[in-house]
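**Student:** Using the sequences and the accompanying hints, generate a full structural model.
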Amino acid sequence: MAAFIQFAIDTLSLGSLYALMALGLVIVYGILRLVNFAYGELIMVAGYTLFLLNGSPLPWLAMAAVAVLMAVLTGIATDYVAFRPVREKSVTAVLITSFAFSTLLQNAALLFISPRARLVPVPDIFSQSVHIGGVVTPLRNILTIVVALLLLAGFAVVMKRTVLGIALRAAASKFTMARMLGVPANLIITSAFAISGLLAGVVSLFWLGRIGSVVPGIGLEPLLVSFIATVIGGMRSLVGAVVGGFLLAAIVTGLNYTLPQNLLQFRDAFTFSLVILILLWRPEGLIRGPATGQRT
Amino acid sequence: MLEVRNLQVRYGAIRAVRDVSLTVRRGELVALLGANGAGKSSTLLAIAGALKPAAGTIRLEGEEVTALSPEQMVKRGIAMVPETRDVFPDLTVAENLQLGAFVRRRDRAEVDADRQALFDLFPILAERIDQPAGTLSGGEQQQLVIARAMMSRPKLLLLDEPSLGLAPAIVDKIFDMIVKLRATGVTILLVEQNAGKALRIADRAYVLSLGAIAAEGTADEIASASDLKAIYLGA
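Quick note, the sequences are listed as chains A and B, same order.
Take the first sequence: its letters are residues 32 to 327, numbered as in the working numbering.
Take the second sequence: its letters are residues 105 to 339, numbered as in the working numbering.
The set of hints was computed from the structure by calculation and includes no laboratory data.
All clues given are correct.
List time: in silico DSBU-like cross-link candidates among lysine-lysine, alpha-carbon distance up to 35 angstroms:
(1) K284/B / K156/B
(2) K191/A / K120/A
(3) K284/B / K179/B
(4) K301/B / K284/B
(5) K191/A / K284/B
(6) K259/B / K120/A
(7) K120/A / K179/B
(8) K259/B / K179/B
(9) K191/A / K277/B
(10) K120/A / K156/B
(11) K301/B / K156/B
(12) K191/A / K179/B
(13) K284/B / K259/B
(14) K156/B / K179/B
(15) K191/A / K156/B
(16) K259/B / K156/B
(17) K259/B / K191/A
(18) K156/B / K277/B
(19) K277/B / K179/B
(20) K301/B / K277/B
(21) K277/B / K259/B
(22) K301/B / K179/B
(23) K259/B / K301/B
**Tutor:** Have a look at this one:
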């Protein structure tokens with residue numbers, strides 16, 4: 032029983048981060064049909080913001096808010112720098128510009144800060160532990176789950192109940208038609224990037240809270256993870272991204288628990304094999320996205 | 105109200121619209137007829153801002169609006185109902201209608217009143233209000249896209265082949281609704297392959313052939329023109 036509770040908490044807390052990250056990738060992909068390869072750098076930017084604020088008199092929550100804001104602004108900047116100028120030209124161009132923007136940000140961090148890991152401030156509450164059903168677990172994990180659930184609920188309300196949310200869903204289905212109803216393309220795309228920045232920013236707080244430091248290449252793993260989660264989930268479905276995130280976390284945690292010590296270093300190989308099996312079974316991903324329209 | 109001069113639309117090397125000039129006056133219902141591939145839809149999409157014209161000018165109420173974006177066209181009072189009958193299938197009927205009123209989303213009370221008025225005209229939509237639009241029948245979807253376009257309170261409604269793929273009885277119903285809409289004062293430019301039906305409700309008509317205007321006149325003149333069939337076939 033204790034083992035099960037431990038497994039559940041580990042899966043849910045890791046899955047929360049994966050799900051939020053995947054959602055941020057899909058909200059842009061769903062509308063533009065383009066993967067934002069500079070997405071992982073949002074985590075990096077939030078991380079270095081925390082590092083630079085380290086030692087300032089601000090309370091941690093204020094630093095966290097600034098870090099999330101920086102991630103949102105960087106998300107919007109991605110749109111303006113890498114996407115908007117070439118969006119209507121070709122898919123290949125955007126692929127290259129988003130890689131370029133990612134490289135640019137990483138190299139800026141290498142050049143102006145350091146190639147070595149830098150400590151980020153972590154609140155005391157992250158290092159406390161709690162007892163749940165006979166299991167000792169870091170309070171950070173519980174906080175991750177709670178914050179993720181609140182954020183997912185808020186996200187669902189925005190998408191269901193607000194005009195912006197409805198317009199985002201419509202644009203993900205038939206972008207040109209949405210524009211012919213007066214929904215401004217730029218507003219929709221910038222909003223999608225801003226939401227994606229918000230999600231990545233919040234994830235970064237917990238992601239960095241686990242590690243305690245930031246390096247220029249920190250964005251690669253979250254980008255990869257969210258990409259895999261969205262592929263499992265169905266690439267264009269918001270629900271699918273969340274399901275994919277939790278499923279991927281369950282696989283990773285399950286392997287952590289069951290693989291013998293000498294095989295654990297090959298965990299990712301096992302993870303990807305399972306992902307391949309899922310995709311052989313459901314090549315379109317688990318959940319179908321909205322009915323398609325054309326690209327812009 | 106709408107004045108199109110020497111419009112040209114290209115898809116790469118192909119000229120879908122070679123030379124189209126047409127005028128729509130306030131309160132008129134003008135039909136744009138022609139065979140498949142004559143350039144009717146491309147003309148309409150160019151007016152709606154969804155296709156950039158290669159040449160020519162489009163004026164709306166005397167103001168040049170050539171090559172504005174679709175969202176700017178909506179703000180200036182043009183609403184488009186494309187032939188692809190583009191409902192947002194995963195959104196409910198209510199959400200589809202709400203998006204139709206996107207440009208005037210701040211006047212909630214008026215939007216609600218307009219929605220109510222449209223329900224009188226399209227009662228089936230009131231019944232289906234919380235259903236995903238993708239679950240509606242073809243005729244119901246057609247009513248939804250027309251009602252959705254009307255939610256922006258357009259001055260000019262562009263209708264592209266509202267009869268496409270619908271059973272004859274449903275087509276008659278849709279045409280009745282177009283007549284009723286017209287009575288509310290909206291100006292309509294109607295693209296149709298079904299010339300007979302379109303001419304019965306239109307004031308004037310243009311006939312397109314191979315991307316250019318081949319004939320124009322009042323609906324009666326066009327209906328009685330003996331060479332209409334020949335024009336249709338591109339002769």
